[in-house]
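Colleague: The whole structure should be built from the sequences, with the hints applied where relevant.
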Amino acid sequence: MADHDESASSPHSPATDRDPWAPEHVTLRSPAELADALPYLLGYHPNDSVVLMALYGEDRRFGGRLRLGIPAPDDWPDVSDQLAETLVTACLKRGARPDGIVVYLCQDPADGETSAAVMERLRPFAQRLRIACGALDVPVIDALCLSDGRFWSYCCSDLRCCPPEGAPMALPGTTVMAAAATYAGVRVRGTLREMEARLSPRAGHWADGQRRALDAATARLVPRFLGGDHEAARQETVDLAERLFERFHATPAGADGIESDTRDDALLTEDEAATLVIGLQDRVARDRAAEWMEGPRTQAVLRLWRALARRCVPPYTEHAAAPLTLAGWVAWSSGEQAEARVALGRALTADPDYLFARLLHHACNEGLDPETLRDCLRQERAERAERAERADRAVCEAARAAAEEGTPHEPQPSAPSTAKTAAPRTRRRKPSNNTPRPKRPADAPPTSGPAGKPRPRRQPTRRAARDRQ
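Going by the working numbering, the sequence shown opens with residue 11, and the numbers climb by one from there.
Think of the hints as simulated: they come from the structure by calculation, not from any bench.
Mixed in with the good hints there might be a few duds.
Have a look at the derived ranges for each label pair, beta carbon to beta carbon [as the list claims (entries may be wrong)]:
no.	residue 1	residue 2	range
1	197	294	52 to 60 Å
2	212	304	25 to 33 Å
3	363	207	34 to 42 Å
4	304	123	42 to 50 Å
5	168	87	25 to 33 Å
6	242	81	24 to 32 Å
7	159	379	31 to 39 Å
Quick list of in silico lysine to aspartate or glutamate cross-link-like pairs, EDC-like style, CA-CA up to 20 Å [said to hold, decoys possible]:
no.	residue 1	residue 2
8	103	379
9	103	91
10	103	304
C-beta atoms are modelled at their ideal positions from N, C-alpha and C, and glycine is treated no differently.
Modeller: Below, the structure is given as structure tokens:
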């Protein structure tokens, strides 16, 4: 039975754990307050998810967290062990073993199913999670089931707070946690399903046209990236992204997510979206695009990457890993950790081996500071600008020197070729047998050497001298 008199404070966690927000001190004293706090701790309402929250100290401060989609019943034993071990190991890496864990099971009823039936169906999973955490000497303080606006506690038998039919969730914005989040400037960004829908390919009549545009862009750009024209293709990709950034920045986003996304989709033509999606498959072009992660155009950049991810219709769903990773990077760099985790998770779903997404996902979950990566990108941009400036200065100096000498200046190629060029050699033809060789007059000078001087005698070669010996 959960000891609800002991408070859980949110979210004072270890220094290495980065939380979405950090109010002064919020005390949660009941399962109802624990259930209400979940979307504010994650930044969204989780759908079909199992969430584990680590607690620290006697006042049970929230710390590390872990979320996963609810697996199939056959996988519950293995998944429970893996989840408990992963959370405890991550907390130990941050310097402290958790003193307790709160388990959340969130799932809405299927067609013809009640929320109470969902709670009973997930009860074995909750019990298996409690066993797995207890095996690691970390007790489960409470295990809650959230379904269709009601909640149940698997650990509390007090009918006053946890009746068998479940207790209704508090109205949004009426709890202490909601007030503290509003004061801190934190808002819940809808449900997990809604956030994923903003990053998923849209179905509809325009999908066929987008697919044909992607086919054409692939046939046009892939040979250029694989051939000798890759640098020009990269620059064209970056220039197109720059123009689209300005277009999105000039069109403010709407308040509603669906209406805003529909307006953003209209800002892109099929050919523009296809060209940019295929161009971002090049690693160098993608890294240059990642440099736009700060400044007044950040939200426009994020909207563009979302719109490109929605254009990756089948069979180009794997290509969405690039724009999804860029969306996750911009969100993480802007402090939107909830959206960053969702976007990076979708990128790994599109391509599990996409290295950039794996590195960012790990860094975001480990609570690292994105400023380190921002510094690297700023330095790379500054060095590239310096190289371009030196090249322009060299061309100007060469043109000035040529003008002073009075000779026309021809621009030098960007990369000098290593192959030697030579004038074509003309071969002297021997006269045919029927053609008599012309005779030289007796008083004519020698054919070689200065006129009036005898031809120098050729010295015998070493081979001729060796033959004579």
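Colleague: Using the C-beta atoms of residue 168 and residue 87, is the stated range 25 to 33 Å upheld?
Modeller: holds (29 Å)
Colleague: Given the hint that residue 103 pairs with residue 304, does the C-alpha gap stay at or below 20 Å?
Modeller: violated (30 Å)
Colleague: Confirm or reject the claim that residue 242 and residue 81 have a C-beta distance inside 24 to 32 Å.
Modeller: Violated, at about 48 Å.
Colleague: So the hint says 34 to 42 Å: do the beta-carbon atoms of residue 363 and residue 207 match that?
Modeller: violated (25 Å)
Colleague: If you check the beta carbons of residue 304 and residue 123, does the distance land in 42 to 50 Å?
Modeller: holds (46 Å)
Colleague: Going straight from one Cα to the other, do residue 103 and residue 91 come out at no more than 20 Å?
Modeller: holds (18 Å)
Colleague: Between the alpha carbons of residue 103 and residue 379, is the straight-line distance 20 Å or under?
Modeller: holds (16 Å)
Colleague: Given a hint of 31 to 39 Å, does the C-beta separation of residue 159 and residue 379 actually sit inside it?
Modeller: holds (38 Å)
Colleague: Is the hinted range of 25 to 33 Å satisfied by the C-beta distance from residue 212 to residue 304?
Modeller: holds (29 Å)
Colleague: Starting from the range 52 to 60 Å, see whether the pair residue 197 and residue 294 falls in it by beta-carbon distance.
Modeller: violated (37 Å)
Hint compliance for this structure: hints 1, 3, 6 and 10 are broken, all remaining hints hold.
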